[in-house]
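Q: Okay, here's what each chain looks like letter by letter:
Protein chains: 2
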Amino acid sequence: MMKKVLKFGGTSVGTIERIQHVAKIIKRDYDAGNKIIVVVSAMAGQTNDLIQLSKSIANDFSKRELDVLLSTGEQITCALLAGALKKININAQSWLNWQIPILTEGDHTNSRIVNMNVSKINNFINEGVAVVPGFQGISKNGEITTIGRGGSDASAVAFAKLFNADSCEIYTDVDGVFSSDPNKIPVAKKIDRISYDEMLELSSLGAKVIQSSAVQTAMMYNIPLQVRSTFTDRKGTTIFDHENIDYSKSVTGVAYSKNDAKITLIGVEDKPGIAANIFEPLNKAQINVDMVIQNISSDQKTTDITFTIKRDDLKMTKDILNNNQKIKYKNITHNDKVAKVSIVGAGMVSTPGVTYKMFKALADDKINILAISTSEIKLSVIIDEENTLNAVKKLHTIFELD
Amino acid sequence: MMKKVLKFGGTSVGTIERIQHVAKIIKRDYDAGNKIIVVVSAMAGQTNDLIQLSKSIANDFSKRELDVLLSTGEQITCALLAGALKKININAQSWLNWQIPILTEGDHTNSRIVNMNVSKINNFINEGVAVVPGFQGISKNGEITTIGRGGSDASAVAFAKLFNADSCEIYTDVDGVFSSDPNKIPVAKKIDRISYDEMLELSSLGAKVIQSSAVQTAMMYNIPLQVRSTFTDRKGTTIFDHENIDYSKSVTGVAYSKNDAKITLIGVEDKPGIAANIFEPLNKAQINVDMVIQNISSDQKTTDITFTIKRDDLKMTKDILNNNQKIKYKNITHNDKVAKVSIVGAGMVSTPGVTYKMFKALADDKINILAISTSEIKLSVIIDEENTLNAVKKLHTIFELD
Chain A
898 MMKKVLKFGG
908 TSVGTIERIQ
918 HVAKIIKRDY
928 DAGNKIIVVV
938 SAMAGQTNDL
948 IQLSKSIAND
958 FSKRELDVLL
968 STGEQITCAL
978 LAGALKKINI
988 NAQSWLNWQI
998 PILTEGDHTN
1008 SRIVNMNVSK
1018 INNFINEGVA
1028 VVPGFQGISK
1038 NGEITTIGRG
1048 GSDASAVAFA
1058 KLFNADSCEI
1068 YTDVDGVFSS
1078 DPNKIPVAKK
1088 IDRISYDEML
1098 ELSSLGAKVI
1108 QSSAVQTAMM
1118 YNIPLQVRST
1128 FTDRKGTTIF
1138 DHENIDYSKS
1148 VTGVAYSKND
1158 AKITLIGVED
1168 KPGIAANIFE
1178 PLNKAQINVD
1188 MVIQNISSDQ
1198 KTTDITFTIK
1208 RDDLKMTKDI
1218 LNNNQKIKYK
1228 NITHNDKVAK
1238 VSIVGAGMVS
1248 TPGVTYKMFK
1258 ALADDKINIL
1268 AISTSEIKLS
1278 VIIDEENTLN
1288 AVKKLHTIFE
1298 LD
Chain B
898 MMKKVLKFGG
908 TSVGTIERIQ
918 HVAKIIKRDY
928 DAGNKIIVVV
938 SAMAGQTNDL
948 IQLSKSIAND
958 FSKRELDVLL
968 STGEQITCAL
978 LAGALKKINI
988 NAQSWLNWQI
998 PILTEGDHTN
1008 SRIVNMNVSK
1018 INNFINEGVA
1028 VVPGFQGISK
1038 NGEITTIGRG
1048 GSDASAVAFA
1058 KLFNADSCEI
1068 YTDVDGVFSS
1078 DPNKIPVAKK
1088 IDRISYDEML
1098 ELSSLGAKVI
1108 QSSAVQTAMM
1118 YNIPLQVRST
1128 FTDRKGTTIF
1138 DHENIDYSKS
1148 VTGVAYSKND
1158 AKITLIGVED
1168 KPGIAANIFE
1178 PLNKAQINVD
1188 MVIQNISSDQ
1198 KTTDITFTIK
1208 RDDLKMTKDI
1218 LNNNQKIKYK
1228 NITHNDKVAK
1238 VSIVGAGMVS
1248 TPGVTYKMFK
1258 ALADDKINIL
1268 AISTSEIKLS
1278 VIIDEENTLN
1288 AVKKLHTIFE
1298 LD
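Protein chains in written order, with my numbering: chain A, 898 to 1299; chain B, 898 to 1299.
The hints are simulated quantities; they were obtained by calculation from the structure and are not laboratory data.
Treat the hints loosely; a few may be bogus.
Chain copies aren't distinguished; within one or between two, either way the pair holds.
Straight-line Cα separation of at most 30 Å, BS3-like style, residue types lysine-lysine; simulated pairs [claimed, not checked]:
1) 1105 with 1132
2) 1146 with 1227
3) 960 with 921
4) 1155 with 1086
5) 1081 with 1254
6) 960 with 924
7) 1037 with 1017
8) 1234 with 1257
9) 924 with 1215
10) 960 with 900
11) 1254 with 1234
12) 1207 with 1290
With these hints in hand, go ahead and build the complete structure from the sequences.
A: Written out as C-alpha cells, the structure reads:
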C-alpha cells in the first residue's frame, strides 16, 4: 500500500474519452490498494481559450479576475474525472482550492503553494480517490490565485510533499524524459533515470516535459518523480537523488533552444559596477538575460560584453541600451539567428575531456561557436541557428546517447 | 441613491461584445450614484455544453459533481464582467458562492438559497460594483450546489431580499412580459404592469421570461421586479403588488403550451382513495400531472378521470397505469395532439362573464373544448393542438389585448 499523487496534464484529459481512459489508469492503482490523490490540469486548449476571452476585453485584464476565470478550467476537469470514476464504481470526489484549502502566497497569476489542510483529504483517501485541481489555490484573504502556466506540476509536487506521499507520478503525452526532443532528433532516447540537477538543466534549456519549479521543490524535499505516458504502458523516467544514479555515462542529454538572440557591447569601460549598470534596467523591464560572457578587450581599458536574451525581447533590449545614459560603449552588434545547444550530465564533472570532446565534434562539422558558458553539470554553446539540428545529432552520437 | 440588484441572463452576456455592453448599462446606473449588485448567468449555451459533457460520461452523472461542473459557467461570466467593468474604470469585483457565502438547503442540482453573509458586500458596494453568480450556492457542509435551470432569477430575488434592495431588475432578451408570445402571436403587446399572481400564472403556463419561484419569493417579500431588455432602452414590465394594479382590464395575458397530452381513464370505481392510487405512482416516477378533471359517470358507481401531462411522459404514464394492480378502470384513452390555452388576469374574479366570453369566442370559431380548469385568476382549456394559434389570437382580440 502506497500513498500516491498522480498528475494528469491537459492533453491527458483533453477529451471525454481521454478522461475515461485516465479513470481506468487510476482504477488500476486504486484496486491495487493504494491511497490516491489525483491532480488535474484544465482540458487541453481551455486555458488558452479563456485567456483569449479575457484579452478580447483588455490586454491588461485584471489579474485578480483572470485567476477567477482561469481556475474554472481545472474545476471542470475535477468534476468530470470524479464523475467518470464514480461511473466505474470508484468512490471519488472532487475537492476545490477553497474546499481543501490550498493556501498560496504571492501575486495573482504568479503565486506559490505554501500550505494546505491535509486532514479531510487524508480521511477521505482511506475510502476513495480525491481529485484536486492543479495550477491554483487561494490567498490568505480568500481570493483565488493561480501559480503560472504549467503550474499543475508544481501543484502535484506540493501535494506529494504536504501529504507525505510515497511517489509523485506525472502522466503526460510523452513516454518520459528524452535525451533530446524526439520529434526533431529521431535518435533521441528515453532516459530511465535522471537526477534532479540534470532534469533542472534540461528543463531550463527547453525540455518541456516537466516544469522546473516542480523539479526544484521535489529536489528540496527529496520526492521521487516519475514522468510517464498516459497513452502507453511504458515505464517512463524516474527523477531522483544524485546519489542513486549510475554515472557510467558522462552526458545524459542534449538540449537546445532556438528563440535566442545575442547582443555584444564592444568597448565597454572596464571598471566595477558597469555590468550592474547594464543589467539593472533590463531586469526592471523583465527581460530575461541568459548567458553572459565578458572578454578583455585588446586595449585592456575596455571590455566586450556578450549576452543572450529571448529573441522577442531584442528590440526592447536595444532600445534600453541605446537610451540609457549610464550605459557607455563604443559599438553594439546583435545576431538574432542564433541557437543555444547544451549538453547536460551530472557525470560531466568527474569525466575529463567532455568539454574538449564537444568543441572538437562541432569543429569537425565546421560549426562555429559564438559563445560558451559552463556550469558544473552543463555546457552550453551559442551557434548559428541553421546548424542546430546537425549539432544536436552530432553530440548525441559522440556521447553515445543514441 | 438606491440599492439595486441587476440580473443579466445568458443571452445578455452571451458574447464578449454583449458583456461589454452590459458593463455600459451598469456604468450608467452606477454613475447615477446607485449601489449595485450584479447577478449573472452563464454565457448562453455554456450550461448546455457542460451538461452534454457530463452526459457523455454518464446519463446518471453524479449530481454533486454536476454542481461543481455547472457552477463554473457563472464563475466565468463573473470574472469577465468584473474585468470589463474595470476596463471602463469602474471599481468592480467578482464574489463567488463560497466567498460570500451563499448558503443553500436541499439536494444537489435542486437547492434553494436560504441565507448569505451580506456584510462584506455591503461594505464593498459603497465603493464599487459587486458581481455575483446566479444559479448557485454552497451547502452548510461547504459543497457546491445549484438551484435548477433558470435559477439565476431566483438568485437575483434572494439577493434583493437579503440585501434589502430597493429594486430588482431582470435584464433579458425581450422587452418585458407580453400578453402572449410575441414571436408567435404578432398582436401580443408588452404589459407595463402586472401583479405577482398574474405573472405566476403566466410563467407556469409557459411564459418563460422569468422563473416562477423567483416571482413567488418576490411576492412573499414584496420586492418589486422589473423585467426589461438588455438590448433596447424601453421601459419593460414592472411586476408588483396586487393593490397597485389598475384592473380596468379583466384579462392581462393569454398563455399556451403545446407539449401536452391528455389521458382519460373511463369507468374508475368512485370511492375515496382512488385518485390517490392513480397519482401516487405517477408522482413517484416524477411525472408532472397538470390539469385533473373528474366527471361523474352515467351509472353513478364509476367515474371518468381526465388529466394532462407533458407529452414526453405519455408512454411512461401509460405503462404505469397499465401495470399497477391498484389502479382499476374499464378503459383508457389518450390524445397526444392537444394544447392548453389559458387566460390570466387578477381582474377576472371581479368581472362577470369572462368565462362565458371565452367559451363563446372559441365556439364561434368552432374550436372544441376538451377539458376545462379554473383558478381565481386563470381559466385554462385543453383544445386540439392545431387550433392553438387561432384560439390565442381570438382571445387576444376578444379581451382587447391587441
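Q: Each hint: holds or not?
A: Hints, verified against the model:
1. For the identical chains of this complex, residue 1105 and residue 1132 are intra-copy neighbours only, at 19 Å inside a copy versus 57 Å across copies, given an alpha-carbon limit of 30 Å.
2. For the identical chains of this complex, residue 1146 and residue 1227 are neighbours neither inside a copy (45 Å) nor across copies (91 Å), given an alpha-carbon limit of 30 Å.
3. In this homomeric assembly, residue 960 and residue 921 come within 30 Å of each other (Cα to Cα) only across copies, at 21 Å, whereas the closest approach inside a single copy is 37 Å.
4. Taking the shortest alpha-carbon separations for residue 1155 and residue 1086, only the intra-copy value of 21 Å comes in at or below 30 Å, while the best inter-copy value is 66 Å.
5. Proximity of residue 1081 and residue 1254 under a CA criterion of 30 Å is satisfied intra-copy only: 23 Å inside one chain copy versus 83 Å between copies.
6. Taking the closest pair of Cα atoms, residue 960 and residue 924 come within 30 Å of each other only across two copies (21 Å); inside a single copy the shortest separation is 38 Å, beyond that limit.
7. Taking the shortest Cα distances, residue 1037 and residue 1017 sit within 30 Å of each other both inside one copy (19 Å) and across copies (16 Å).
8. Taking identical chains as interchangeable, the C-alpha atoms of residue 1234 and residue 1257 lie at most 30 Å apart only when both belong to the same chain, with a minimum of 23 Å there against 88 Å between chains.
9. Taking identical chains as interchangeable, the C-alpha atoms of residue 924 and residue 1215 are never at most 30 Å apart, the minima being 55 Å within one chain and 42 Å between chains.
10. With identical chains, the CA atoms of residue 960 and residue 900 are at most 30 Å apart between copies only, with a shortest distance of 28 Å across copies and 35 Å within one.
11. In this assembly of identical chains, the alpha carbons of residue 1254 and residue 1234 lie at most 30 Å apart only when taken from the same copy (25 Å versus 87 Å across copies).
12. With identical chains, the CA atoms of residue 1207 and residue 1290 are at most 30 Å apart within one copy only, with a shortest distance of 23 Å there and 70 Å across copies.
Violation of the numbered hints given earlier is confined to hints 2, 9; the remaining hints are satisfied by the structure.
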